[in-house]
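Trainee: Protein chains in written order, with my numbering: chain L, 3 to 91; chain G, 834 to 923; chain R, 2 to 89.
Source of the hints: derived by calculation from the structure; they are not laboratory data. There may be inaccurate statements among the hints.
Claimed, not checked - Below, simulated DMTMM-like cross-link-like pairs (lysine to aspartate or glutamate); rule was C-alpha separation at most 20 Å, straight line:
id	chain 1	residue 1	chain 2	residue 2
1	G	Lys870	L	Glu88
2	G	Lys856	L	Asp33
3	L	Lys72	R	Asp34
4	R	Lys24	L	Asp33
5	L	Lys72	R	Glu63
6	G	Lys851	L	Asp73
7	L	Lys25	G	Glu920
8	R	Lys40	L	Glu88
As the list claims (entries may be wrong) - Derived contacts from chain G toward chain L, CB cut-off under 7 Å, selection only:
id	residue
9	Ile836
10	Asp864
11	Val880
12	Ile884
13	Ala900
14	Val913
15	Met921
16	Gly922
All residues carry an ideal CB built from backbone N, CA and C; glycine is no exception.
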Amino acid sequence: MILGRVVGTVVATRKDDRLVGAKLLVVRTTDPSGRDEAGHMVAIDTVDAGLSDRVLVVTGSSARMASGLKDTPVDAAIIGVIDSVEMKE
Amino acid sequence: MQIGRVVGTVVATQKNAKLEGAKLLLIQPVDPSGAPKGPTVLAIDSVSAGIGDRVLLVQDGKAAIQALGRGVAAVDAAVVGVIDEVEMGA
Amino acid sequence: MFLARVVGTVVATRKDPGLLGTKLLVLQPVKNDGTPSGKTLVAVDSVGAGVTEQVFYVRGREASVPFLPDEVPTDAAVVGIVDHWSLS
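Throw the hints in and build the complete structure from the sequences for me.
Mentor: Right under this line is the structure:
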């Protein structure tokens with residue numbers, strides 16, 4: 003899974019039937035300290051995340067194991083809103 | 834998923850039987866501002882997207898198979914939505 | 002599977018029901034010589050690993066296998082703690 007920050011939303015009226023009602027968010031990947039890294043992705047939100055929330059994103063086939071995403075054509079899902087990251091070097 | 838722009842269509846008369854009738858699009862992945870990033874990707878289209886459309890691109894074999902909806906097939910990318918708008922916050 | 006060092010933990014109260022009760026670890030992948038290699042990632046712990054430990058982890062759909070029959074939606078799981086390794 004990767005750490006990220008919600009930076010935007012995507013509106014798409016015409017989409018795969020199984021994505022109707024899904025919330026699509028633009029996520030910027032970040033390092034554990036919250037600094038932006040290169041790269042954006044669009045992920046399905048399953049935990050009611052909001053703009054600027056730090057989130058946990060699962061990618062690849064595993065994304066369809068997230069709640070409510072079985073048999074949907076997705077490859078990235080937001081499955082957690084991060085309270086804190088503790089680092090020790 | 835990635836944001837992409839449809840930059841072309843691909844016609845291939847001779848192709849894997851599971852792909853018969855499937856529409857193939859050439860997609861340029863872009864960042865939220867629309868700037869191109871990385872190489873173009875060939876994806877099957879399940880939402881009738883057209884050239885110039887901004888789209889949602891999934892790049893995962895099983896996700897693409899779900900989008901194609903014909904059982905196991907040799908696909909690894911699919912267009913699953915046409916983007917109306919991307920709103921960026923902070 | 003890949004080698005990594007556990008460099009942190011993640012706390013997330015609001016999360017997928019499948020992640021309830023799991024421990025989330027921040028991993029820094031390392032090369033054979035133990036030096037960092039590439040970006041950090043978050044993995045679910047299946048072996049009781051802790052911060053600073055050397056571990057190995059599995060990526061992809063198989064990452065949920067250690068937790069069966071629970072359906073844990075993860076693409077990375079720590080599946081072993083490394084005691085030591087040697088290179089020939």
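Trainee: Hints first: check each against the structure and report whether it holds.
Mentor: Structure-based check of each hint:
1. Lys870/G with Glu88/L: violated (32 Å)
2. Lys856/G with Asp33/L: With Cα atoms ~38 Å apart, Lys856/G and Asp33/L exceed 20 Å; violated.
3. Lys72/L with Asp34/R: Violated, at roughly 40 Å.
4. Lys24/R with Asp33/L: holds (19 Å)
5. Lys72/L with Glu63/R: Since the Cα atoms of Lys72/L and Glu63/R sit roughly 16 Å apart, the hinted pair holds (cutoff 20 Å).
6. Lys851/G with Asp73/L: holds (19 Å)
7. Lys25/L with Glu920/G: Status holds; Cα separation ~13 Å.
8. Lys40/R with Glu88/L: Holds. Lys40/R to Glu88/L sits at ~17 Å (cutoff 20 Å).
9. Ile836: Hint holds; Ile836/G Cβ to chain L Cβ min 6 Å, cut 7 Å.
10. Asp864: For Asp864/G, the interface hint holds, since the closest Cβ of chain L sits about 6 Å away, which is under 7 Å.
11. Val880: Check passed: Cβ of Val880/G comes within 5 Å of chain L, closer than 7 Å.
12. Ile884: Not OK, violated: Ile884/G not within 7 Å of chain L, min 15 Å.
13. Ala900: Since chain L brings a Cβ to about 4 Å from Ala900/G, closer than 7 Å, the hint holds.
14. Val913: Holds, about 4 Å.
15. Met921: Holds - the Cβ of Met921/G comes within 7 Å of chain L, reaching about 4 Å at its closest.
16. Gly922: holds (4 Å)
The structure shown violates the earlier hints numbered 1, 2, 3, 12.
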